[in-house]
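Enquirer: With the hints as extra help, turn the sequences into a complete structure.
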Amino acid sequence: MDVARVEGWVVLTQTCDIVNFAEGRDLVAVAPLVKAKLGLMQAVAKGTTPAAAQLENSPGENLVVDLTKLCAVQKKALAGMRRAIGFNSDETRCTFAQTLESVRPLRISRRPGLMDP
6 MDVARVEGWV
16 VLTQTCDIVN
26 FAEGRDLVAV
36 APLVKAKLGL
46 MQAVAKGTTP
56 AAAQLENSPG
66 ENLVVDLTKL
76 CAVQKKALAG
86 MRRAIGFNSD
96 ETRCTFAQTL
106 ESVRPLRISR
116 RPGLMDP
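Each residue of the sequence shown is one higher than the one before, counting from 6 in our numbering.
Some hints could be false.
To be verified - Label-pair restraints from in silico Cβ distances:
| no. | residue 1 | residue 2 | range |
| --- | --- | --- | --- |
| 1 | Lys51 | Gln79 | 28 to 38 Å |
| 2 | Arg88 | Lys40 | 17 to 27 Å |
| 3 | Gly44 | Lys80 | 31 to 41 Å |
| 4 | Lys51 | Gly85 | 35 to 45 Å |
In short, the hints are calculated from the structure, not lab data.
Just so you know, even glycine gets a beta-carbon here, dropped at the ideal spot from N, CA and C.
Expert: Here it is in structure tokens:
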């Protein structure tokens, strides 16, 4: 992954798992927010690809969450990032979470958030 091309990060870990500190549980799952070509944007809009998902409140045009590049970062890495709201409603948040079902066994959030670098 070319980190220079990452427009932001989407946190996939459940909020309760982020705020509760337990020994050995200091990592959160994130995925990069990247520019997508027209074909991928169309596939995401139709729901025909498990490779990417779209945020309702995307911070830019043609940005998708790249679900092929999931990674884990320490919780403290989130402290220096600005939080933005990725979704306006529980309905759109749940639709996004359903898209994430293909990326199990990571425990994913029904209330994911968007983090900017």
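Enquirer: Looking at the structure, which of the earlier hints fail to hold?
Expert: none
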